[in-house]
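So you can see what is in the structure, the chains are spelled out below.
Protein chains: 2
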Amino acid sequence: MNEKIIEDIEYTVKSCLPALSAETQGVNEMLIYSLESGGKRVRPLLCLMFCRAAGGKAENALYFAAAVEYIHAYSLIHDDLPCMDNDDFRRGRLSSHKKFGEANALLAGDALLTHAFHILALAQESAEVTASQCLSAVKELSALAGASGMVGGQYIDLMYENKEASPEVLFTMDSLKTGALIEAACVLGCIAASAGSEKINAARDFARNLGLAFQITDDILEYNDENNSDILNGKSTYVSVFGIEKASSLAADFTKKAVDSLSAFQNADELRDFALGLLKRKK
Amino acid sequence: MNEKIIEDIEYTVKSCLPALSAETQGVNEMLIYSLESGGKRVRPLLCLMFCRAAGGKAENALYFAAAVEYIHAYSLIHDDLPCMDNDDFRRGRLSSHKKFGEANALLAGDALLTHAFHILALAQESAEVTASQCLSAVKELSALAGASGMVGGQYIDLMYENKEASPEVLFTMDSLKTGALIEAACVLGCIAASAGSEKINAARDFARNLGLAFQITDDILEYNDENNSDILNGKSTYVSVFGIEKASSLAADFTKKAVDSLSAFQNADELRDFALGLLKRKK
Numbered sequence: 000m001n002e003k004i005i006e007d008i009e010y011t012v013k014s015c016l017p018a019l020s021a022e023t024q025g026v027n028e029m030l031i032y033s034l035e036s037g038g039k040r041v042r043p044l045l046c047l048m049f050c051r052a053a054g055g056k057a058e059n060a061l062y063f064a065a066a067v068e069y070i071h072a073y074s075l076i077h078d079d080l081p082c083m084d085n086d087d088f089r090r091g092r093l094s095s096h097k098k099f100g101e102a103n104a105l106l107a108g109d110a111l112l113t114h115a116f117h118i119l120a121l122a123q124e125s126a127e128v129t130a131s132q133c134l135s136a137v138k139e140l141s142a143l144a145g146a147s148g149m150v151g152g153q154y155i156d157l158m159y160e161n162k163e164a165s166p167e168v169l170f171t172m173d174s175l176k177t178g179a180l181i182e183a184a185c186v187l188g189c190i191a192a193s194a195g196s197e198k199i200n201a202a203r204d205f206a207r208n209l210g211l212a213f214q215i216t217d218d219i220l221e222y223n224d225e226n227n228s229d230i231l232n233g234k235s236t237y238v239s240v241f242g243i244e245k246a247s248s249l250a251a252d253f254t255k256k257a258v259d260s261l262s263a264f265q266n267a268d269e270l271r272d273f274a275l276g277l278l279k280r281k282k
Numbered sequence: 000m001n002e003k004i005i006e007d008i009e010y011t012v013k014s015c016l017p018a019l020s021a022e023t024q025g026v027n028e029m030l031i032y033s034l035e036s037g038g039k040r041v042r043p044l045l046c047l048m049f050c051r052a053a054g055g056k057a058e059n060a061l062y063f064a065a066a067v068e069y070i071h072a073y074s075l076i077h078d079d080l081p082c083m084d085n086d087d088f089r090r091g092r093l094s095s096h097k098k099f100g101e102a103n104a105l106l107a108g109d110a111l112l113t114h115a116f117h118i119l120a121l122a123q124e125s126a127e128v129t130a131s132q133c134l135s136a137v138k139e140l141s142a143l144a145g146a147s148g149m150v151g152g153q154y155i156d157l158m159y160e161n162k163e164a165s166p167e168v169l170f171t172m173d174s175l176k177t178g179a180l181i182e183a184a185c186v187l188g189c190i191a192a193s194a195g196s197e198k199i200n201a202a203r204d205f206a207r208n209l210g211l212a213f214q215i216t217d218d219i220l221e222y223n224d225e226n227n228s229d230i231l232n233g234k235s236t237y238v239s240v241f242g243i244e245k246a247s248s249l250a251a252d253f254t255k256k257a258v259d260s261l262s263a264f265q266n267a268d269e270l271r272d273f274a275l276g277l278l279k280r281k282k
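As given, the protein sequences belong to chains A and B, one line each in that order.
Numbering follows numbering that gives the first Met the number 0, in which position 62 of the first sequence is assigned residue number 61; successive positions increment by one, without gaps.
Numbering follows numbering that gives the first Met the number 0, in which position 266 of the second sequence is assigned residue number 265; successive positions increment by one, without gaps.
FYI, nobody ran anything at the bench for these hints, they're computed from the structure.
No experiment lies behind these values; they were computed from the predicted model shown.
The list treats identical chains as interchangeable, and a pair is accepted whether it falls inside one copy or across any two copies.
Only pairs whose alpha carbons sit at most 25 Å apart, straight line, appear in this in silico DMTMM-like list of lysine to aspartate or glutamate: (1) K97 with D84; (2) K39 with D87; (3) K138 with E58; (4) K162 with E22; (5) K138 with E22.
Build out the structure end to end from the sequences listed, making use of the hints.
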């Protein structure tokens, strides 16, 4: 069933690109390069699955899902920049600043971030959602992607670049850096389905726990990948702070909590399977 | 009269800051530093004046005006970065990356950009505007600030960094780089006043012409400032392309066209005076 929605996501992500004149078409080439980088589309999938679990039609959440993916794509471009992680490669391809130059990569990130909100506004014309639902999506996404969410997490990450983070700091940082955008995806799916506050709060619980499970699993996978630079740099990870066994059991605990919070939804089988699948992933 | 609205703008810009936890309060320090950089608040003033000219109450446009100013503030931080203009100073103070480091400045810009859209969503609770008006504001601001607007202009600017721009390229670049955000300010003011398409189109005409007049006047002021680096770098400006006399007459022509388009509004005296004042400014 997910193959059809993956297709719909890929189509929507591309069909949502900004309409540009000849002089600025080059910007779209950069956006496409970034959006086609072969990610797993975890966030848009969660958005569509939450819409369905809350009793809505997945197609009504497609624009919301695409907007979240644009935010994710921008965050990867800016994260890779020399002043941040200075990564020359992402998923086996040149990172955007290596491909297009640093200034262009900065602009491509800014363009993706800005356009995410345009896509939320376009949703009103393209799906059965009201202006009020779209504006709620704007409010959630801007809070969870900005200083009170993802950007705040990146700020904490920078502060602890050269010093050890306590377990508390690590949880706060990752809840914001990774969890907040996952939360946006899940909540926007609920908004597209006109879900009430009980379901939206359950979606937040799910997302926060899944976000931590996701990040811990990432750290475990990176620990098992001997070429990884973060470990060589001595950066704090769940494995360095808790050890590999405790980190694995934490990932399982958070996944269980995430799955438990799905009881607020009538039909959440695919969400449960997806959450369990993320924990068991190999890369 | 403008002293009162300048006070209201200053108050709103600060009261709109994101609500942050203790761990991320440092982000707000960076946002405040950038928002307090002593700009002329041209865009929020235009937003409020258009709201009034279209028969609305200025206070209903305050959040829209603040959102435009957040976009302006982000664009200055990212423009100053080493990979862009590499400016160490802005209005006599250290630029954000000199003050806070490059990575933090990147994040501060991202935070301002993201939060601009949050402010548009908050407007519904804080002013007499509907979700539909707020969503129209999101749609306009995201189009005019993004790849089809301001970011597109910056992209063209980068392309012509080391080669001469034709007059056509110069007009296209500045219409996007400077004009688009001015257009957003004017259009959002009209939206806050529930203005119809005739007034909104007139506001666009005004903004496009004023934007060019504004940029040409900037180039003339920079030409007269012998310390300016752009001239030393041989970058194309209206003065280098047209000469100082023709540039001055172009600025006057565009200002006249801007003022003429105000005939669609009943009471546009303050807007006319403001436009004429911008042309005559000395810095």
